[in-house]
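> Each chain, letter by letter, is given below.
Protein chains: 2
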Amino acid sequence: MLLKALNQLRSTRSLLYHLQSPTWTSNFDHIANKAIATAGKVFFTTTTTTSATQTSPTPSQSWGTKKQKRSVKLRAAAADFIMSNPEIEKQLAPLRERVQEQGNLVRELKAKGAPELDVKKAVAELKVRKKLLEEKELALTPSVVSFDRAKMEDLLKRRFFYDQSFAIYGGITGQYDFGPMGCALKSNILSLWRQYFALEEQMLEVDCSILTPEPVLKASGHVERFADLMVKDVKTGECFRLDHLIKQALEKLCKAKEATAELKAECEDIIIKLDGYNKQELADILSKFNIKSPLTGNDLTEPIEFNLMFATQIGPTGLVKGFLRPETAQGIFVNFKRLLEFNQGKLPFAVAQIGNSFRNEISPRSGLIRVREFTMAEIEHFCDPTQKDYPKFVNIKQEVMTLYSACNQMDGKSAQQLSIGEAVGSSLVANETLGYYMARIQQFLLAIGIKPECLRFRQHMSNEMAHYACDCWDAEILTSYGWVECVGCADRSAYDLGQHTSATGVRLVAEKRLPAPKTIEVSEIVPNKQALGKTFKKEAKTITEALAKLTLEEINQVEEQLTNNGHYNLTLTDGSAHQLEKDTIQVKRSSKTIHVEEFIPSVVEPSFGIGRIMYALLEHNFQCRDGDEQRCYFTLPPIISPLKCSILPLSNNADFQPFTQQLSSSLTKAELSHKVDDSSGSIGRRYARTDEIAIPYGITVDFDTLKTPHTVTLRDRDSMKQVRVSLEEVVGVVKDLATARVKWEDILQKYPIFEQQEATK
Amino acid sequence: MLLKALNQLRSTRSLLYHLQSPTWTSNFDHIANKAIATAGKVFFTTTTTTSATQTSPTPSQSWGTKKQKRSVKLRAAAADFIMSNPEIEKQLAPLRERVQEQGNLVRELKAKGAPELDVKKAVAELKVRKKLLEEKELALTPSVVSFDRAKMEDLLKRRFFYDQSFAIYGGITGQYDFGPMGCALKSNILSLWRQYFALEEQMLEVDCSILTPEPVLKASGHVERFADLMVKDVKTGECFRLDHLIKQALEKLCKAKEATAELKAECEDIIIKLDGYNKQELADILSKFNIKSPLTGNDLTEPIEFNLMFATQIGPTGLVKGFLRPETAQGIFVNFKRLLEFNQGKLPFAVAQIGNSFRNEISPRSGLIRVREFTMAEIEHFCDPTQKDYPKFVNIKQEVMTLYSACNQMDGKSAQQLSIGEAVGSSLVANETLGYYMARIQQFLLAIGIKPECLRFRQHMSNEMAHYACDCWDAEILTSYGWVECVGCADRSAYDLGQHTSATGVRLVAEKRLPAPKTIEVSEIVPNKQALGKTFKKEAKTITEALAKLTLEEINQVEEQLTNNGHYNLTLTDGSAHQLEKDTIQVKRSSKTIHVEEFIPSVVEPSFGIGRIMYALLEHNFQCRDGDEQRCYFTLPPIISPLKCSILPLSNNADFQPFTQQLSSSLTKAELSHKVDDSSGSIGRRYARTDEIAIPYGITVDFDTLKTPHTVTLRDRDSMKQVRVSLEEVVGVVKDLATARVKWEDILQKYPIFEQQEATK
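In order, the protein sequence lines correspond to chains E and U. The numbering used here puts the first sequence at residues 1 to 761. The numbering used here puts the second sequence at residues 1001 to 1761.
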């Protein structure tokens, strides 16, 4: 249920991020080695923005970002750097104060139940102030390393990690094909995800239909609410996403020579507040600035709500409307009864699903981050709303997390480091179940290679949170696009099951045994159908229904009136009154012993955007060799690397071939994906090629291999160090390394270092 | 590219199938144990047909087959049973002869280039005769065991292997949700598929977009040809698939009291030949029998071609038409250039893709076999058309296959048993690459638990095969629905790459180095553009183009005419003639050294329908315990079983809990999916529940477990035998069993038999 979540990237901006780094791990951060050396902590800041040129949804052959070479600077920063620098803190103090002041105003307005519009305005202003603070923090932090997104994207395209779909046909924006390396990486991430979640928690994994009939998505709210605002060129029909269009137009206005300082200030103010405006306010801005189509100069329509779901017809009649699902979660909710039964009626249990979802973005952008077709991995954890403790919470309660609470966001404070045990203990995180998943999400993200100092959990502020949710934390990852929401983790209470229950009449509920059987008094009105029918004809049914809905108190009144007056005067909702005589109805009292009670389970939902995670992962692991900007590579952890090993014969000498073949078939038997590169390039060039596709280990067959005992060299991608290992042992060593059973450091201890080949490049 | 393949089920019918069973394996066929004991071989025969009641595409809450309880008989048969029975062979002989006679006629017609319609008629008659032969063979074979499809489907629904999607909303026909057990089974099959194909052959696996823009599917032929015929009720708009409708109507006619023998014969004849009729012939049948809507009795429209792709719009303008892909293959073809480059320009290489495809069936039926949304696993093997040998062919050439050649189908003969080496050697199978994949497909299907005697490879007859294909074999699996095509394996030559090259102008070709550089003479006509333009104005361009297309011979003529007459008379394709003077054109001769030549690679395509394979697998592994028809279970091989192990504490004694927990966490660490069942049922009942979901091994914690040394019992699902194993060893034993490193028989040898608990049920 990334519904709100996926919409959120729009409003997230590069926030300064401080870290005490207690979760620092040994596989940490090769990008930032230098940064660490100087300042100990890193974060990104984008030096150009990503907007402009993206408003047109016209298919284009280039990636969203191809032609805009963006230089993104990696900077060193740290709470202690800023905090220990009184000069900087002095400059920030007034900004922090302004945020807090506005945060207090928002709280106050809410407390006194001020009109929604007033609250919204106050929140928009709060965001403006937060943004100013963040920007100042960023500006005061010295830049250290530079990350070149264009260079990374060039490598990703060149080695076909992924690329635009249907490019030979002109391509479609917002759709990507994963090539061999991207596909293997994705598949390895998903395997590990299954291990981390489905297997570890014994979840029920399901695989539901993508094509979804309309009534299901009406109940979930997607038909009505899953929309973005756009405008159309009145002549050509070209569509523009409204917020993008306004931003672009006002930025252009500001840049014009004749722009006054006043105009500039007004435009900048609007741009900052864009997310807070409603449809009418945006329409007013359009007309005030007389904004036209940026492509033709033609007039534009009024803002239109464009539903982001892809519609189609199921079956040949054209009468059954369906959509491609916008999230996988609904498939789980509609199967709740079957799943509860599979779990023998017991709660809690969790259901997982991995699959594709679709949203018809008006103008896809930012590469893999905003696309039309994407893979999600979602979990729906169903539990008793009164029992949100988690037995395994004790295992992870020491996990230290970077939590950016709603409160800190309102107060102009930074994110804080806290163990999840403390966070749940102090009720900062609503309950153990939510906290457990947050900690496991963090463990998973770090295991696949996300840098700990670029990960935070940001709590939704009450105005962002869906009205039915109790608490919601997004795992945000810092990339060159700023903080990107990659995993949502929400306590959605009973909302979804309740919606589908109302829509279908099928009670999606669970039962629990009462501590002791309970005797309850049942009062009901039993109509004499014959007598009622005779008196009221067609209206008898409406009357019977109205009687069934009476409260206990009303039933008591009925009894009283019947006894005292011999009849009861019933008033229907339409205002009509009916006199019911004594012989037409009867009040019946009985007692009933009940052993169980029904309830709608609560849902805790971690929802992973796999494409976004992959993109962040690639950024965090992109590296160039010291002194050779052209030799780029990815430091992906072996466990998720697309291929685990390369086999490189030193030359095309025929004597090497049997060894190459034997190694290849042994690696296959050990289920280790690998690549034989027997092309004619120098060994150094071939290593560079395998580095580019993140192969962590390389086996070289050389002339010494021919001698007995047969040996080969084994090279580590990240350190470029090599050891000499016997032919029999090497596959086992690679297996242990690739499954994280041993570390390269252990191998260095055990086997003799080898220092020759790489020099021959 | 199941395009043709997926359409084919329609025409496949239960064929008698003989087997010498050289591929008989030890994990063989629990269904048929009895059958084997008597006759040695088994096959299914459906005693009721699947048609009727399925023509309406209206959503229905029941499975396609739920209410039609079908009793399907499992029979014992064998080539030797029939062949060794001269009485039976005597009865079949005339039928065999009639097939052969017609087969010869078809060959003859083709040889002399008879009109297409005549060939088509002859083929239709051939199919009729084949069907009569098959039915007779079936009728003469004694029935042995009965398989109850309704019972299996009940179990599949009850334990939520899969069930109709969105059932609480009334459901949609042809869409299924896989519950925990179905999803795990599917996911295990796909993992093994990756190992068998992608890893073993070092294929490039890709993951391409589902939403496909129209031009791509125009080029592939899907927009024009991927259609079924239907008719509509003129008043209600209700749609019916034409062939289903006619069949249903004629069957009803036959059953009517007043039906004459003549009418019956005519109807039966039409029903048999249905697949062979074209649109006009079907329209004639509609009108001849005055067929109306079976639901309303209203008139019907003329037959309409209904395209089976789901259409949608990409982007907000409504101008970019797209479809949900009907197969995954096109995503591979359009990425050919990138993939070739990834493979450093070298051929052969193979690309694999697993993903969902969609077809908007007019009336889905037969459960998982004909659905609207399905998972495919496709391979495109690209190779030099002149080099279709396969280096690893030698590894599998002994694999014995059941091959049902086009020739045998035409001659009224049965399928034959042959090693793939012999089949390729004798050119029955076109080449080593095709043969290699066929053998690997067989190995894979047997490994997941398809019964060898229910698997055959049927060659497409030339009239079934797409015009561009050289050879095509379908892996067909015998189920209670008859022989179902589950994997297509086709040599598609250069068709697909050629189509996309023509459509885009992007040359999807490979290069190969010539054995030696070649000097070629280049003759061309160089036009004097200025002079030509002056003389011919607008037509100059057409003339220039026509000149560029001249053959060497024609160029020689041009030179001759210019020399002799001073001009050349060019005739254009539209018939117009133009006299080109000496000064307007010039013949240029030069020589050029070339080192490489370009060619369009051939494609060999194995294409797996995962849902169909799963369904067949479930049927082949469905069993009931001797003497207890209510205790049903699945004998799925451990390697693909949804869960590998159960943990059952003997009772809810609190002392068992630490052992249960320890086992569960050890199994998780060993990556073994498992289920703890600590509910209160007797151990026997709980075993029965785990049997239903195919859990192959069960660990029971009992009072002896509490004693030191701690031990548990380990139970085998299929034999129900138990052994006593130490607590430390048991997880390792299960791991070895689940990954097929050891067999249960080995375990029986090694550990003491345990004989107590199951009796307590």
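Just so you know, the hints here were simulated from the structure itself, not pulled from any lab data. Keep in mind that the hints are not guaranteed to be accurate.
[What the hints assert, rightly or not] Within a straight-line C-alpha distance of at most 35 angstroms, the following computed DSBU-like cross-link-like pairs (lysine-lysine) qualify:
no., chain 1, residue 1, chain 2, residue 2
1, U, K1529, E, K675
2, U, K1157, E, K675
3, U, K1235, E, K321
4, E, K392, U, K1157
5, E, K337, U, K1157
6, E, K218, E, K252
7, E, K321, E, K288
8, E, K120, E, K130
9, E, K110, E, K121
10, U, K1346, E, K721
11, E, K131, E, K512
12, E, K588, E, K121
13, U, K1529, U, K1541
14, U, K1588, U, K1549
15, E, K518, E, K588
16, E, K512, E, K549
17, U, K1235, U, K1346
18, U, K1669, E, K392
19, E, K669, U, K1588
20, E, K735, U, K1743
21, U, K1735, E, K750
22, E, K669, U, K1397
23, E, K157, U, K1235
24, E, K743, U, K1588
[Stated by the list, open to error] Okay, the calculated beta carbon distance ranges per label pair:
no., chain 1, residue 1, chain 2, residue 2, range
25, U, S1191, E, E305, 29 to 35 angstroms
26, E, V742, U, K1743, 45 to 51 angstroms
27, U, F1599, E, N395, 39 to 45 angstroms
28, E, E200, U, A1139, 51 to 57 angstroms
29, U, D1655, E, E200, 57 to 63 angstroms
30, U, N1395, E, E728, 50 to 56 angstroms
31, E, G498, U, N1395, 28 to 34 angstroms
Ideal Cβ placement from N, Cα and C applies to all residues, glycine included.
> Quick one, are K157/E and K1235/U close enough, alpha carbons at most 35 angstroms?
The given pair, whose Cα atoms are some 55 angstroms apart, is violated under the 35 angstroms limit.
> Please verify whether K120/E and K130/E have alpha carbons no more than 35 angstroms apart.
holds (15 angstroms)
> Would you mind confirming whether the straight-line C-alpha gap from K512/E to K549/E stays at or under 35 angstroms?
Measuring from Cα to Cα gives roughly 26 angstroms; hence the hint holds.
> For a C-alpha distance cap of 35 angstroms, please report whether K321/E and K288/E respect it.
violated (40 angstroms)
> Holds or violated: K1157/U and K675/E, Cα atoms, limit 35 angstroms.
violated (44 angstroms)
> For the range 29 to 35 angstroms, tell me whether the beta carbons of S1191/U and E305/E fit it or not.
For S1191/U and E305/E the Cβ distance comes to about 43 angstroms; the hint is violated.
> Do the Cβ positions of D1655/U and E200/E conform to the proposed distance bound of 57 to 63 angstroms?
Between D1655/U and E200/E, where Cβ atoms are some 26 angstroms apart, the hint is violated.
> Do the Cβ positions of E200/E and A1139/U conform to the proposed distance bound of 51 to 57 angstroms?
Because 55 angstroms falls inside the window, the suggested range holds.
> Checking one constraint from the list: CA of K518/E to CA of K588/E, max 35 angstroms. Satisfied?
holds (20 angstroms)
> Tell me if the straight-line CA distance from K669/E to K1588/U falls inside 35 angstroms.
violated (60 angstroms)
> When you take the CB atoms of V742/E and K1743/U, is the distance between them in 45 to 51 angstroms?
violated (31 angstroms)
> Is K669/E within 35 angstroms of K1397/U, Cα to Cα?
Cα-Cα ~20 angstroms, so holds.
The structure is inconsistent with the numbered hints 1, 2, 6, 7, 11, 12, 17, 19, 23, 24, 25, 26, 27, 29, 30, 31, although it conforms to all the rest.
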